[in-house]
Structures are given as structure tokens and as C-alpha cells.
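Construct the entire structure; sequences and hints are all you get.
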Amino acid sequence: MLQERMLQLVGWCLTTALGLGLQACAITHVLRVADAQRIPVSQLVAELQPTPLVFLGENHDDASHHAFQLDVIAGLHASGVPLAIGLEMFQLDSQPALDAWVAGRLSEAHFVRLYKSNWRYLSWGLYSDIFLFARDHHLPLLALNVPQAIIQQVARQGWATLSQAQRRMLPAGVTDPITPANQALMAGMHPAHGARATTLTFMAQAQVLRNRVMAQALLRQRRAQPQTHLVVLTGGVHASRQGGVPSELATASCQVVLPPMPEFDPDHAGDTAADYLL
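Just so you know, the sequence shown maps onto residues 1 to 278 in the working numbering.
Think of the hints as simulated: they come from the structure by calculation, not from any bench. Heads up, the beta-carbon is just placed ideally off N, CA and C, and yes, glycines get one too. Careful, some of the hints might be misleading.
[Said to hold, decoys possible] Quick list of simulated restraints, FRET-style, between CB atoms: (1) T198 / Q49: 44 to 50 Å; (2) T198 / S42: 34 to 40 Å; (3) D129 / A100: 27 to 33 Å; (4) D35 / R156: 43 to 49 Å; (5) Q157 / Q227: 40 to 46 Å; (6) S163 / A26: 29 to 35 Å.
Here it is, written out as C-alpha cells:
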């Protein structure tokens with residue numbers, strides 16, 4: 001099955017060379033995991049309409065993933081679904097600026113600077129069409145990520161080193177993020193012993209802390225505006241039901257679309273990690 005999918009992908013990506021080079025491979029279909037059928041993006045949009053929470057996983061530097069995300073967002077918006085967009089790309093303290101952007105009170109130059117201060121290693125052009133669409137159609141944007149200084153400290157020194165002041169910067173109820181299940185998942189991906197095992201624990205804490213904080217932000221938004229559907233843009237690892245944000249949303253109904261990932265074998269995932277695959 002995987003070989004067949006790869007051959008199909010190669011076929012779709014053979015486009016005419018124009019201008020400076022080959023055009024990006026547009027994502028026109030996705031694989032529906034439940035029945036292993038490829039369906040057009042328009043049908044995907046129709047199937048996602050009843051779902052209040054949708055995760056569109058991405059490989060951050062893949063422009064085709066962001067074009068696909070915009071297609072889904074635009075399709076859901078056109079259907080009349082009240083919509084907001086959750087963003088891994090922005091830290092929690094960026095929320096007032098996101099609100100100002102959507103309200104038209106923030107210039108594009110100012111917003112680009114805000115974007116680069118949050119997501120500095122990836123080009124503005126990868127996400128610009130999504131952010132401009134949200135502004136032009138007044139779609140709320142929701143900052144989801146943990147302040148970078150906190151994540152860096154947890155990844156290097158562990159959750160226990162955070163001060164009370166730092167913990168108060170996180171959503172209420174967020175406690176030590178690591179559990180035996182989280183640790184086992186990370187250990188399976190990156191086996192380690194001794195000092196490296198301690199480093200792995202800290203990395204797992206940072207990863208799960210992101211998931212937990214994003215989940216709390218999404219649940220808070222759902223409680224505040226239960227009629228608004230949320231489309232969440234985040235990396236594939238965070239979007240996966242296997243150890244990602246959805247695993248922190250025990251009672252929330254959601255649909256998950258995942259990109260190709262080294263950690264993820266679509267031939268053996270069943271329906272546990274995702275509902276659709278790019």
C-alpha cells in the first residue's frame with residue numbers, strides 16, 4: 001500500500017516547468033483512513049463540516065501543506081461554519097496582537113515582525129496567505145504555544161526547575177506534564193540510557209507540556225464559544241492522536257489530518273493516529 005501511495009504522489013508531482021522551476025505539488029486528494037479511499041479536498045471539507053475541532057497537521061516547511069490548509073479553511077468558511085483558527089506558531093502572550101490583526105488594527109509590517117519573533121526560522125511567505133485570509137474574513141486566531149523561554153528551560157533542565165511565577169504564565173491546571181505513558185512513547189521513538197535518558201525525560205516533558213497547554217487553550221475556547229468550530233494548525237507530531245494534542249482531549253470530538261512523518265507508518269497506524277492522510 002505504501003509503495004502504491006508513493007507512486008501516486010510522484011505522479012501528481014510531475015508538473016510543467018515554468019519560470020524558475022517546477023511548480024509545487026498541489027494537494028488535491030487525501031487518504032481517508034477508515035476505508036483507505038482517496039477523496040478530493042472538496043469532499044474532505046464536506047466531511048469535516050460537522051466536526052467542532054479539526055487538526056490539520058503539517059510539515060512546517062512544506063508550502064503545499066499550507067496551501068492545503070488554506071483550501072480547507074476557505075472551504076469551511078464558505079460553507080457557513082463559524083470558524084476560528086488555532087496556531088502553534090504563536091505563543092500565548094501574542095493573543096492581544098492576534099486579536100488586533102483580525103480586527104484590522106495592526107499593520108501587516110507589524111504583524112510580520114510579530115510572526116518572526118514567534119516563528120523565526122520559517123519564512124513569512126509559508127503562512128502569509130492563511131493570516132491574510134483570516135484578517136480579511138475576520139476569522140479569530142488563537143495563540144496556542146508555550147512561551148519559548150519556558151519550553152527551553154523545561155527541555156534543558158526539567159519541569160521541576162520552573163518557578164511559581166513561570167508556572168502562573170501557563171493555563172490553570174497544567175501540572176508536571178510527564179506520565180509513564182508519555183515517557184514510554186518518547187523512549188520508543190528515541191531509546192536512551194543513563195544521562196541521555198535524563199535528557200530524554202526533559203525533552204518529553206517539553207513536548208508534552210506543549211501538547212497540554214495547547215489542549216487547555218482549545219478547551220477554554222470551546223467553552224467560551226461552543227458554536228465556533230476550531231481548525232488547528234500544528235506540526236504533525238502535535239496533531240497525532242498517538243501522543244499529540246488530541247490525546248489530551250479525552251472528551252472532545254475531533255478529526256485529524258496528518259502529513260507524512262518519519263515517526264509515522266501509514267500502513268500500520270490503523271485509525272488510531274489520524275482520520276485522513278496527506
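Hint-by-hint comparison with the structure:
Here the CB-CB span from T198 to Q49 is close to 46 Å, well matched to the stated 44 to 50 Å. About 49 Å separates the C-beta atoms of T198 and S42, a value inconsistent with the hinted range of 34 to 40 Å. For D129 and A100, the hinted distance range of 27 to 33 Å is not satisfied, since their beta carbons lie about 20 Å from each other. Taking the beta carbon of each, D35 and R156 are about 45 Å apart, inside 43 to 49 Å as hinted.
Checking the proposed 40 to 46 Å range against Q157 and Q227 shows it holds: the Cβ atoms sit about 42 Å from each other. Between S163 and A26, the C-beta spacing of about 48 Å breaks the proposed range 29 to 35 Å.
Checked against the numbered hints given earlier, the structure breaks hints 2, 3, 6 and satisfies all the rest.
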